[in-house]
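A.B. asks: Each chain, written out:
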Amino acid sequence: MPAYCHALMGLIARTLAALLASLCFLGAARAETPRDVHIGVLAFRGAEEAERTWQSTFDHLGRALPQYRFHLVSGTAAFLTAAVAAHRLDFLITNPGHYLELKVDYSASALATEQDLEGPTPSEAVGAAVFVLDDHPEIQSLADLRNLRVAAVAPDAFGYRAALREIMERGVDPERDTKQIFVGFPVDEVMRAVRDGRADAGIIRSCALEKLLAEGAIQKDEFRVIGRRPSGALNCQVSTRLYPGWPFVKVAQAPAPLAREIAQALFGMQPGQDEKAWTQPDAYGSVQDLYRTLKVGPYAPFTRLGLADFVVEHRYIAALIGLGVIWWLTHVVRVSYLVRKRTHELQIAHEAARQRGEQMEHTVRLSLMGEMASSLAHEINQPLAAILTYARGCERRIEGGADPASLRDAVQRIAVQAERAGDIVRRMKDFVRKNPAPQVPIDPAAALHDAMALFEPTATAGGVIVESEIPDTLPAVRADRLQLEEVVINLLQNALEATSAQDDRQIILRVRGDRDRLHISVADNGPGLAAEARERLFDPFYTTKKNGLGLGLSLSRTIVEAHGGRLVVETDSAGMTSFRFYLPLIEEPARV
Amino acid sequence: MSEPTPIIYIVDDDPAVRDAVGFLVSSVGYPFEACASGAELLQRLDNARPACIVLDVRLPGVSGLEIQRELQNRNSIAGVIFITGHGDVPKAVRAMRHGAIDFLEKPFDDQVLLDRVSDALQASKTALAKQGRREKLERKLGALTEREREVLSLVIAGKTSKAIAADLDISSKTVENHRHNLMAKAGVNSVAQLISWATDISDV
Numbered sequence: 001m002p003a004y005c006h007a008l009m010g011l012i013a014r015t016l017a018a019l020l021a022s023l024c025f026l027g028a029a030r031a032e033t034p035r036d037v038h039i040g041v042l043a044f045r046g047a048e049e050a051e052r053t054w055q056s057t058f059d060h061l062g063r064a065l066p067q068y069r070f071h072l073v074s075g076t077a078a079f080l081t082a083a084v085a086a087h088r089l090d091f092l093i094t095n096p097g098h099y100l101e102l103k104v105d106y107s108a109s110a111l112a113t114e115q116d117l118e119g120p121t122p123s124e125a126v127g128a129a130v131f132v133l134d135d136h137p138e139i140q141s142l143a144d145l146r147n148l149r150v151a152a153v154a155p156d157a158f159g160y161r162a163a164l165r166e167i168m169e170r171g172v173d174p175e176r177d178t179k180q181i182f183v184g185f186p187v188d189e190v191m192r193a194v195r196d197g198r199a200d201a202g203i204i205r206s207c208a209l210e211k212l213l214a215e216g217a218i219q220k221d222e223f224r225v226i227g228r229r230p231s232g233a234l235n236c237q238v239s240t241r242l243y244p245g246w247p248f249v250k251v252a253q254a255p256a257p258l259a260r261e262i263a264q265a266l267f268g269m270q271p272g273q274d275e276k277a278w279t280q281p282d283a284y285g286s287v288q289d290l291y292r293t294l295k296v297g298p299y300a301p302f303t304r305l306g307l308a309d310f311v312v313e314h315r316y317i318a319a320l321i322g323l324g325v326i327w328w329l330t331h332v333v334r335v336s337y338l339v340r341k342r343t344h345e346l347q348i349a350h351e352a353a354r355q356r357g358e359q360m361e362h363t364v365r366l367s368l369m370g371e372m373a374s375s376l377a378h379e380i381n382q383p384l385a386a387i388l389t390y391a392r393g394c395e396r397r398i399e400g401g402a403d404p405a406s407l408r409d410a411v412q413r414i415a416v417q418a419e420r421a422g423d424i425v426r427r428m429k430d431f432v433r434k435n436p437a438p439q440v441p442i443d444p445a446a447a448l449h450d451a452m453a454l455f456e457p458t459a460t461a462g463g464v465i466v467e468s469e470i471p472d473t474l475p476a477v478r479a480d481r482l483q484l485e486e487v488v489i490n491l492l493q494n495a496l497e498a499t500s501a502q503d504d505r506q507i508i509l510r511v512r513g514d515r516d517r518l519h520i521s522v523a524d525n526g527p528g529l530a531a532e533a534r535e536r537l538f539d540p541f542y543t544t545k546k547n548g549l550g551l552g553l554s555l556s557r558t559i560v561e562a563h564g565g566r567l568v569v570e571t572d573s574a575g576m577t578s579f580r581f582y583l584p585l586i587e588e589p590a591r592v
Numbered sequence: 593m594s595e596p597t598p599i600i601y602i603v604d605d606d607p608a609v610r611d612a613v614g615f616l617v618s619s620v621g622y623p624f625e626a627c628a629s630g631a632e633l634l635q636r637l638d639n640a641r642p643a644c645i646v647l648d649v650r651l652p653g654v655s656g657l658e659i660q661r662e663l664q665n666r667n668s669i670a671g672v673i674f675i676t677g678h679g680d681v682p683k684a685v686r687a688m689r690h691g692a693i694d695f696l697e698k699p700f701d702d703q704v705l706l707d708r709v710s711d712a713l714q715a716s717k718t719a720l721a722k723q724g725r726r727e728k729l730e731r732k733l734g735a736l737t738e739r740e741r742e743v744l745s746l747v748i749a750g751k752t753s754k755a756i757a758a759d760l761d762i763s764s765k766t767v768e769n770h771r772h773n774l775m776a777k778a779g780v781n782s783v784a785q786l787i788s789w790a791t792d793i794s795d796v
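Chains F and E are the protein sequences, given in the same order. Numbering-wise, the first sequence is residues 1 to 592 according to the working numbering. Numbering-wise, the second sequence is residues 593 to 796 according to the working numbering.
In isolation and in its complexed conformation, chain E is listed as follows (with noise of 0.2 Å):
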């Protein structure tokens, strides 16, 4: 499965400058999307690419903190960049509390901006990858049946079979059983692999 291509999504009212921004990370072979509004984006974002989001503070409309909030509660994986017209140092804070790559000032220079963009996919390709590996493990985790998951949480609780079994008050032979399948379903072989798959489940 080859890697999905990045987009930039431009976000500005003024077309002058979402086009002077789409001309310049063009030059540099990125594909993007100018929007003149922050629903647009919205309708627009395809959350399975990693993207990077430049979007001016100031919309009509929705504004550019609001749709950053917008975007974390629709799980974006979608590294934000603000520009903006004007330095409103507590607008940057907020931005940057919420996990935005940087806050930059209108005019910005070109470099930063592009080192920003760069910045904002490789985040957003980590978060895809993760995002890609944690919805393999849930759906793994999510073909367990009640028992094997009840077996699998007390085997990384490192209990014994037997131990399980008294647990349960099942037979020992059953316990066996349910953690063959439950390893077969996680794609391990070994009790030490499938307490680091089950950490990775925690992680993600």
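In isolation and in its complexed conformation, chain F is listed as follows (with noise of 0.2 Å):
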């Protein structure tokens, strides 16, 4: 990750800590207003732990300067620090490591480091024990946790730190050479970890085990503490060095006289039995050795208070966060799947109306050609009868002992006849093929021919000769020949039934091109059509015949106009009635 990256939210955490405890405070007196004092205290053993250590000290500031109201905050070191960025603390009583943090952080000061009267000197009272069941003799020294589970309350405390020192000292990196557990506060769960073997080893607090004997939470020979140094005054087993007492600290914001009323109460304080005492405050440098020595708090690369610590502290708010996240990427996945979703949908729903009309053009075409049908069979019928006959002629004269040179002109009508029923079938095939073609550069009138060739016999069987004018040369449009063909023919079978009850049928098709434009018109003498008819035409599945499907002019206007034309209707001036289009000319007028 990179160093801006864990700044900013080393800054996120530690506004968001500030706002919840700015809700924490909410309705509380305000830190100035005088009469109201709050004073923190950090809290490793819980709550309750933490006010029963300092009932007395408070205790003392209560009777020893009555005209404030001192207000006891007990939290975890983050909080706490939260507490104090927020301007809602005023005094803290926290560990030397953490007042080490906040005298870089906030200017805090110490005003006092806390005195066991019996005990050991101020300097020399909070180390820290490794410890380990005692029924492990193969762990011995503190270069023995290698690869070993080492459980601690949190990376963050201070007891951990200092065995952190000695530990990288004998060569191990806990980070890299044990697997390290935080199993979180109170201390307790440490001894838990390592009784119940979740961890191999322990990283306790001086004197936390002597407190868990005494209170009869373990028994005397159940852990063994390794590693083990001189411990001075302090009668605790420690495997660290000695580090200073807590310290009684002032935070930047709290005004000087308080603060000096404040410390004259401490040092008077007279402690009974078990009771916390205040003396002179200590310089705290053998923390900041270890500090600097570590490379955490204040001289960590980055602020310490990162994302991960906070995450550990207000993990039911990081977990907020982290659901609110999650809500945003879960939305920001769904949003860009539903609209790939949609597109797709999209792509398919048009991909489907695409087949359909294909699927409807081919089904028109296949009605068309059903209605040509016979008269085409009749067609081919044509060649085959001309060819057979032809072929038992040849077969006749060779047996008649001709010249085979006498049949060369009757091979070469059969030949002939041949192709003729070829052409006829080719034409067939293409028209009822089910792929559609591109629209490329054609030849209007050789399309126009086939299109003739294919409806003529229809007509011819229904006694009408199509009048039809293609001129030999046409000006090229690009077009789906087999699309224009079937346009054609549509409405050249629809002026045949249209004229079926008359007495001189008359069908002429029309051909034409001027500057820009193919022109088309299929005309009928045919009773002309009704208001209605003309007014829903083109509409699909309307039909004014007998057996009509309502799709040919439907489709036939969709391909038009699907070439960059128009279908129109229209009674001309002779009373006939027309079906006229047209189409564009490739705008380079080319000859194909």
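Treat the hints as calculated values from the structure; they're not laboratory data. The C-beta atom is built at its ideal place from N, Cα and C for all residues, glycine as well. There could be a bad hint or two in this list.
As the list claims (entries may be wrong) - Quick list of the computed label-pair ranges, beta carbon to beta carbon:
| hint | chain 1 | residue 1 | chain 2 | residue 2 | range |
| --- | --- | --- | --- | --- | --- |
| 1 | E | Val685 | F | Gly463 | 17 to 25 Å |
| 2 | E | Thr597 | F | Pro441 | 53 to 61 Å |
| 3 | E | Glu662 | F | Ala377 | 25 to 33 Å |
| 4 | E | Val685 | F | Ser406 | 36 to 44 Å |
| 5 | E | Val685 | F | Asp472 | 44 to 52 Å |
| 6 | F | Ser406 | E | Pro596 | 56 to 64 Å |
| 7 | E | Glu662 | F | Glu535 | 44 to 52 Å |
| 8 | E | Ala631 | F | Glu467 | 17 to 25 Å |
| 9 | E | Val685 | F | Val416 | 51 to 59 Å |
| 10 | E | Thr597 | F | Ala377 | 33 to 41 Å |
| 11 | E | Val685 | F | Ala377 | 43 to 51 Å |
| 12 | F | Gly422 | E | Pro596 | 41 to 49 Å |
Stated by the list, open to error - Covered stretches of chain E (in silico footprint by chain F; criterion: 3 or more residues with CB under 8 Å from a CB of chain F, positions within the stretch not fixed):
| hint | stretch |
| --- | --- |
| 13 | 604–615 |
| 14 | 693–702 |
The task is to assemble the complex, starting from two chains supplied on their own in separate frames and drawing on the hints.
C.D. replies: Quick look at the structure:
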């Protein structure tokens, strides 16, 4: 993670913590009010233990300075830091390491250092013990911790840090060479982790083990402290150097006169049995050394109050924020997924519509082919009959001893007729082809001739000769040739049916190119269109025929428009019903 | 007098078909004429030759069946064979009822067509011969006077000259003269021959 990110997270964490702390103090009197003094207390065994430990101090202060109301605010280091940042605390009682951080970050200063009148000197009051289950004889020194599981309360616990220094000096890097397990407060958890075998060794604040023993929470020979060091006047087993006791810390915002009054009160305190007393503040140089060595706290490359700490300390809020982030990410992912999905669905719908269109077109073509089929069968039968007859004639002549050269003409005619039949079959096959072709430059004359060739047998069968005027050369258009044929045949078929009741049936196919358009029209002398029919003519499934699909004209219009043209119906000057459409010419007038 | 050569008329709007049929019939030595339409056939038809008409049912303009009717109106002696691309039963029935030789579906068997052509020509020759005879008879009949025809019908009825003279209120001698004249015009020598001749007339 880049450095600035880490710093940024620290900032975010602080801001959030400050907000949280503000909420906690809402309703309480503001710190500036002289009557209320808020003193934070670091709780490493829960709020009750913290209150019990410092009750005598609070009682004494209350007695000595009755003009103030002292409020005890207990919490973890991160919580207290946040409260300081939010200007909600005036003083704190905390461990030396935490004090060092506050000193650097918030210009806090120690007013006094705790003193156990019957115990150690104030400058050598706190350390840590590294302990294992007694029945693990193979673990004797701190160096033996390599590859073992080591439990501690938290990475920022003072005892843990003190032990860290000693372990590292034995050539073991706890981060790399051991598996660290942080069990959280209270310190009893560390003991339980070792007892339950979740960890091989535990790191605990000095005297905590002795206290647990005194409380009866552990057996006398249950645990063994390793890497022991002299503990001087401190009557506890330690594995680390000793550091000064806890300071009474003044936060920068606390007024100096108040600080002076409190300091005087603290120094004048006469503690009872097992009660804390206060003496001149230590310089905490040894703590500074420790932190410098470990490169933590103020000596960390970046702030220690990182996102990880914050998450540990405020897991519910963190979880909430985490959930928010997850929700947001999920939302983003969901939105992009939905966009992709809808786009995909749209494409599918588009594709389905296109396929339906093609399907419909194919259906119409098949229907047109069905109407023309019997006539086309007859049309194929003609060349077949001719071929057979020529061939039989040849046979007879050969049997009669004719000169083979005299048969050449007949054989050639057979070939021509076979080609003729093949052409009809090709046109039919092309016309019922399923796959659409791209619009390419085509010669409309060829397409129109093909359409006429397909349609003429049907017209002839109906006794009509279609008058067609197809110029030999026409400008090229860009089209699907098959679709163009389909439109023309469809119009011709309609004209044929429209004139079925007529005596003198007349159907005219006209083709004409002008500067930028190709005009094609099919006119018939049928009875014309009723107003309703004229209006609904191009609607899909509208039909006036007994067996019509009602798709022909709607499809023809669609096809023409897909080619950039228009299909209209009108009554021409001769009173004929004329379906007329145009296609745009290819811009560069090219001949195909 | 030599017999006129028979001829085949082929009527089809499809040039390939009429050409192919022409090719087939000419391979067995028949002369033919190809016509693109009924109108062309009617224009070219020579009623003095035994003829077979191979006629497409479906023609632009005047249809094959209409041409058949027109041929009948003109007392054509040509035998008609229909050819068609469609097996159209009602049309076939109609065609056969009006005396068509056959109704063949394309593509047809060459041997069947040639056999039918032969049949048609035979029928046409017969019809032509019959027609020739009748024309001769009719010519002779046309040469008789009014009185001679009256006498003829009574002779055929088996009446004697005397009875005829009584019927017509003329003399027996006059009846004998008429009889002599009409037998000479009919080219017969006996009453028996005269009766046979007269029966021919009613036949043809």
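A.B. asks: Each hint needs a verdict: does it hold in this structure or not?
C.D. replies: Each hint, compared with the structure:
no.	hint	verdict
1	Val685(E) x Gly463(F): 17 to 25 Å	21 Å, holds
2	Thr597(E) x Pro441(F): 53 to 61 Å	59 Å, holds
3	Glu662(E) x Ala377(F): 25 to 33 Å	29 Å, holds
4	Val685(E) x Ser406(F): 36 to 44 Å	41 Å, holds
5	Val685(E) x Asp472(F): 44 to 52 Å	46 Å, holds
6	Ser406(F) x Pro596(E): 56 to 64 Å	28 Å, violated
7	Glu662(E) x Glu535(F): 44 to 52 Å	48 Å, holds
8	Ala631(E) x Glu467(F): 17 to 25 Å	20 Å, holds
9	Val685(E) x Val416(F): 51 to 59 Å	35 Å, violated
10	Thr597(E) x Ala377(F): 33 to 41 Å	38 Å, holds
11	Val685(E) x Ala377(F): 43 to 51 Å	22 Å, violated
12	Gly422(F) x Pro596(E): 41 to 49 Å	43 Å, holds
13	604–615	holds (count 7)
14	693–702	holds (count 4)
Of the hints listed earlier, those the structure fails to meet are numbers 6, 9 and 11, in rising order.
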